[in-house]
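J.: Residue numbers (my numbering), protein chains in the order written: chain H, 13 to 311; chain P, 353 to 700; chain C, -1 to 337.
I should point out that these hints are in silico values taken from the structure, not numbers from a laboratory.
Some clues are possibly wrong.
Said to hold, decoys possible - DSS-like cross-link-like pairs, simulated, lysine-lysine; straight-line CA separation at most 25 Å: (1) P:Lys614 x P:Lys631; (2) P:Lys565 x P:Lys431; (3) P:Lys568 x C:Lys95; (4) P:Lys592 x P:Lys622; (5) C:Lys163 x H:Lys113; (6) P:Lys565 x P:Lys492; (7) C:Lys163 x P:Lys488; (8) C:Lys44 x P:Lys565; (9) P:Lys646 x P:Lys631; (10) P:Lys431 x P:Lys646; (11) C:Lys48 x P:Lys565; (12) H:Lys90 x H:Lys248; (13) P:Lys565 x P:Lys385; (14) P:Lys568 x P:Lys489; (15) P:Lys405 x C:Lys163; (16) P:Lys488 x P:Lys579; (17) H:Lys90 x P:Lys568; (18) P:Lys592 x P:Lys431; (19) P:Lys565 x P:Lys592; (20) H:Lys306 x H:Lys221; (21) C:Lys10 x H:Lys18; (22) P:Lys431 x P:Lys385; (23) P:Lys568 x P:Lys492; (24) P:Lys488 x P:Lys592; (25) P:Lys502 x P:Lys489; (26) P:Lys489 x P:Lys565; (27) H:Lys221 x H:Lys113; (28) C:Lys7 x P:Lys568; (29) C:Lys48 x H:Lys221; (30) P:Lys502 x P:Lys614; (31) P:Lys614 x P:Lys565; (32) P:Lys502 x P:Lys568; (33) C:Lys10 x H:Lys113.
Here are the chains, one letter per residue:
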Amino acid sequence: MKINQKIFLQFGICIIFFGLIGILINNLTINLIRTGLGFNFSWLFKPASFALAEHPLPYTSSDSYAWALFIGWLNSLKVIVSSLILATLLGTLIGFARTGKNSLLGLISAGYITTIRQTPLLLQLMFWYFVGFLGLKDNMFIQIKNIFNISNQGIEFSGLIFSSEFLALLLGLSIFTSAYIAEVIRGGILSVGRGQWEAFRSLGLSERKGLIRIILPQALPAIIPGLTSQYLNLAKNSTLAIAVGYSDIYAINDTIINQTGRAIECFIILLVSFLLLNLLITNTMEIINRLILKSRKNI
Amino acid sequence: MRRLVSGIVGLAALLAGCATTNQDNSSRLNLIKNRNELICGVSGKIPGFSFLKSDGSYQGLDVDICKAFAAAIIGDSGKIQYRPLTAAERFTAIKTGEIDLLSRNTTFTLSRDSTGGNGLTFAPVVFHDGQGLMVKKESKISSLQDLANKSICVGSGTTTEQNINDAFESASLPYTPIKYQDLNQVVAGYLQGRCSAMTSDRSQLAAARSGFKNPKEHIILDDVLSKEPLAPASDGQDQKLADAMRWVVFSLISAEEQGITKSNIDEKVKIAKNNPQLKPLRRFLGVDGGLGEKIGLSNDFVVKVISSTGNYGEIYERHLGENSEVPIPRGLNELYNKGGVHISPPFN
Amino acid sequence: MNSIIVFIKNLKKTLFPNLFNTIITLLITLFISVVCFNTFAWLIFKANWKVVISNLPLYAFGSFPLNEQWRPASWIISLLLLSIFTICGPEWKWLRKNLLILWVGTIPLGLYLLYGGLGLSPIMSRHWGGLTLTILLTVFSSLLSLPFGIVLALCRQSSLPLIQKLSSIYIDVMRAIPLIAVLFFGQLLIPLFLPVGIEIDRVWRAIFAFTLFVSAYIAEDIRGGLQSIPNTQIEAANSIGLNQYQIIQFILIPQALRIALPALTNQSIGLFQNTSLMAILGLVELLGVGRSILANPEFIGQYIEVYVWLACVYWIVCTIMAVLARHLEQRMTINQANF
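With the hints as constraints, model all of the structure from the sequences given.
T.: The structure is reproduced here in structure tokens:
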């Protein structure tokens, strides 16, 4: 009887759930027919007829919408990966400073963390872009022998050009995420027993060496899951690129919706591209985690 | 258990009922009248056309066009709900019925007008614009050719973006587009020197320049990249609403042709009533002829419109005239008999 | 005198223990003084605060009708007073006990003051804007997502495989997509899923979208709380004859909520900041108002002042929320100790 009831309950929920979905889809089809929008993906292969400032692969405005979207996805990936690295470095440094002995440094990093965490990322991005990068006047070149060149057009480093949109996004995302990563690192370091600190100190290791060689490896298992979720947040936050004029996947979707009116199709594409990005990040972190566990076993 | 099942069935039936009823084919015009309020999509971020004033009200040419529609349809130019819309939202908002009509300086193009495209219908053009480029005087840039390999600030997803691309591509000049979401950001990017030039409709360039600290240090190039006829729009499947909108705009122009203004409208109505021989004036003001009823409005809709917003010339003077905050020479937007292109078909 | 010497010694020990730390300390002091000097110079001499001062009512209330602005104003002020009272108010027992009721009471009060009716002239939600709208979005979205999140968390722990699968899929998908996509869905796509003729106001659509998004995160936080409750408690509850719903209601949820409290308060602070994304989608909340004001020909190009001002407002409100949250956490631990 009990099992029967369970099956009935599930069956009932199943009916409600699929009934609801059915009704929603029914509404959608009625609306799509009524508004004449329709649902198909054939437009993907028509020429996009808009230009992009940044494209890691060759792109012209006569390429297809699909190619433009792929370029946008690559742009997203580019900014995510680079700010992921920068944020980790910055976050680790701040996390160390927060747990270290220098009280001024500790105070400042605590202030940094609270300030960054209590203002919206969108506002920070706009600030970095319009005030930070565009504030550099173009007659105020900082130039070092044509190798390194910084202006409000961006940074040129031995032939490589990074636009100020990319840099502002990179900086904003990294600084924002680093405040969260610092807390993750601090939590990890604090999770290592006091005894370990005393042990390496009594062995005569310096603070820095002890922290890097003894404490950090033990803190890593506690740090990795927190890091993964911060990385995922960073990936999601990168969609705010639209506020600083960087052509990421969301910005390109937005342009295409405006040109073609294909909101539903573009939304589906956006979802799929983000699920792909997520899979990429979680799987990479999984591999890193496994490597760390393996190396620990070898010790 | 049985209660659960019957509950589910009931719920499903209710929702299914919701999905299929309410499919009336009546015009939005009746909906607006019943609601006693017009929902008007505006930009809210374009100086001179629609922007938020310090007292919280919207102001500008686009806003006054909304007011004219509300005066004609409802009889009260105050009964409007303004919806600030981004460029990406505007067409979806019309198609889903979120707004009744759009008065958000939208360019009249084939693909937007057609059923195979965005499926809208456009009212007559309320502002003839053209896309231009603004540069700093000190940059010594004087033509499109000088902008090769430079970066240009542009609002994303607009016809502006396509036009600039077409112009540079057909001249086979390489350039870097820096795309922003709205005009403020385009202005900020340009002023901060991110781009050598900014592009937008020439009216918007002029409007933005009027707010700069040193307007004289910026010039608008002579190159006109495109025609930008800006017009209000509504859902293409609603003929009645489109008709009403079309003739409200024409009434603004026609009133200017006939010299009927906000201050003399009462007098003109009196004249029309007392002089049966002034047939065209009597028809125009709805004293006889019953023209308003044919488009689903009251016969004296012109009187209501003119007494609340004034004629087209008055609206223009108020927001874009010489003494306004955003002075733009009338140029193409003069009446046809004064060198412009605005003309109204006869009210017969 | 002695204490000063000790203080200086301590300072020397923490700031200048060796050459490396001394250099760092000096560099930081130099950097901070340069930054502070420049910032103050800009704040006082270069900035033109007219764009902020002459538009204060817009930032606070959006385009709420001028002669009705006392309504949102009194709501915000009552929230502020209540916060101050909660944090540092006197120990009046009868008031303290009813604090929760007071807090809950601010919600219908806010709705009544904003919507009007019953003696007040009705105001449509199109007039809502500025800080009022930002707070409204935060309060309603977090209130709605809490029960929804609890249900999702319980479903994910459920023994029925179908329910468990469905809620897991929902939570995982929601957590994988960016907030702006969900908000975009709320603003542009929800109307397409509704039957013809039925409309939901765009403010409520935004609240709905935020709720969809945040409840997935809340569900995960609460699941963490649920998992940390030892199984022995459920067995004990079973043995004294509580049924399943009673166990959920009296044993699981209160404890899970208490454990998840810090995470939950962080979610609501995050939510407050994230309401700024609605500016990209055309709602005139705090950031949206700022961007609209910048289109006024009078204020073109004064974005730095606006951004700095908005950052301050967000920071202040977030700090108040954080202090309140810490206060709440402390009270909760005290209550627990009293058990």
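J.: Evaluate each hint against the coordinates.
T.: Hint check:
Annotation: proposed proximity of Lys614 of chain P to Lys631 of chain P holds, straight-line Cα distance about 21 Å (limit 25 Å). Restraint check: the Cα-Cα separation between Lys565 of chain P and Lys431 of chain P comes to about 37 Å, which exceeds 25 Å; the hinted pair is violated. Proximity of Lys568 of chain P to Lys95 of chain C is assessed by CA-CA distance (about 66 Å); at most 25 Å being required, the pair is judged violated. Restraint check: the Cα-Cα separation between Lys592 of chain P and Lys622 of chain P comes to about 30 Å, which exceeds 25 Å; the hinted pair is violated.
At roughly 48 Å between alpha-carbon atoms, Lys163 of chain C and Lys113 of chain H are farther apart than 25 Å, so this suggested pair is violated. Proximity of Lys565 of chain P to Lys492 of chain P is assessed by CA-CA distance (about 20 Å); at most 25 Å being required, the pair is judged to hold. Of the supplied pair hints, the one linking Lys163 of chain C and Lys488 of chain P is violated, its CA atoms being roughly 61 Å apart against a limit of 25 Å. Simply put, Lys44 of chain C and Lys565 of chain P have alpha-carbon atoms about 14 Å apart, close enough for the 25 Å limit, and the pair holds.
A hinted pair counts as satisfied when its Cα atoms are at most 25 Å apart, and Lys646 of chain P with Lys631 of chain P qualifies at roughly 18 Å. At roughly 23 Å between alpha-carbon atoms, Lys431 of chain P and Lys646 of chain P fall within 25 Å of each other, so this suggested pair holds. At most 25 Å may separate the alpha-carbon atoms for a hinted pair to count; Lys48 of chain C and Lys565 of chain P meet this at roughly 15 Å. Distance hint between Lys90 of chain H and Lys248 of chain H is fulfilled; the C-alpha atoms sit about 14 Å from each other, no more than 25 Å.
The hinted pair formed by Lys565 of chain P and Lys385 of chain P fails the criterion: a straight-line CA distance of about 46 Å is larger than 25 Å. Proposed proximity of Lys568 of chain P and Lys489 of chain P is supported: the alpha carbons are some 8 Å apart, at most 25 Å. Distance hint between Lys405 of chain P and Lys163 of chain C is unfulfilled; the C-alpha atoms sit about 52 Å from each other, more than 25 Å. Distance restraint check for Lys488 of chain P and Lys579 of chain P: the Cα-Cα separation of roughly 24 Å lies within the 25 Å cut-off, and the hinted pair is therefore satisfied.
The hinted pair formed by Lys90 of chain H and Lys568 of chain P fails the criterion: a straight-line CA distance of about 41 Å is larger than 25 Å. For the given pair, Lys592 of chain P sits about 20 Å from Lys431 of chain P by alpha-carbon distance, which is consistent with the 25 Å threshold. The hinted pair formed by Lys565 of chain P and Lys592 of chain P fails the criterion: a straight-line CA distance of about 47 Å is larger than 25 Å. Between Lys306 of chain H and Lys221 of chain H the CA atoms are separated by roughly 22 Å; this keeps the pair inside 25 Å, and the hint holds.
With a C-alpha separation of about 70 Å, the suggested pairing of Lys10 of chain C with Lys18 of chain H is violated against the 25 Å cut-off. For a cut-off of 25 Å, the pair hint linking Lys431 of chain P to Lys385 of chain P stands: about 11 Å separates their Cα positions. For the hint pairing Lys568 of chain P with Lys492 of chain P, the CA-to-CA distance comes to about 14 Å; that is within 25 Å, so the pair holds. Only pairs whose Cα atoms come within 25 Å are accepted, and Lys488 of chain P paired with Lys592 of chain P is rejected, the gap being roughly 48 Å.
Pair hint Lys502 of chain P plus Lys489 of chain P holds up; C-alpha atoms about 16 Å apart against a cutoff of 25 Å. Proposed proximity of Lys489 of chain P and Lys565 of chain P is supported: the alpha carbons are some 14 Å apart, at most 25 Å. Proximity of Lys221 of chain H to Lys113 of chain H is assessed by CA-CA distance (about 14 Å); at most 25 Å being required, the pair is judged to hold. For a cut-off of 25 Å, the pair hint linking Lys7 of chain C to Lys568 of chain P is broken: about 62 Å separates their Cα positions.
For the given pair, Lys48 of chain C sits about 54 Å from Lys221 of chain H by alpha-carbon distance, which is inconsistent with the 25 Å threshold. Between the alpha carbons of Lys502 of chain P and Lys614 of chain P the distance comes to roughly 49 Å, so the proposed pair goes past 25 Å and is violated. For the hint pairing Lys614 of chain P with Lys565 of chain P, the CA-to-CA distance comes to about 35 Å; that exceeds 25 Å, so the pair is violated. For the hint linking Lys502 of chain P to Lys568 of chain P, the alpha-carbon distance of about 22 Å falls within 25 Å, and the restraint holds.
Restraint check for Lys10 of chain C and Lys113 of chain H: the C-alpha separation of about 12 Å stays at or below 25 Å, so the hint holds.
Of the numbered hints stated above, those contradicted by the structure are hints 2, 3, 4, 5, 7, 13, 15, 17, 19, 21, 24, 28, 29, 30 and 31, listed in ascending order.
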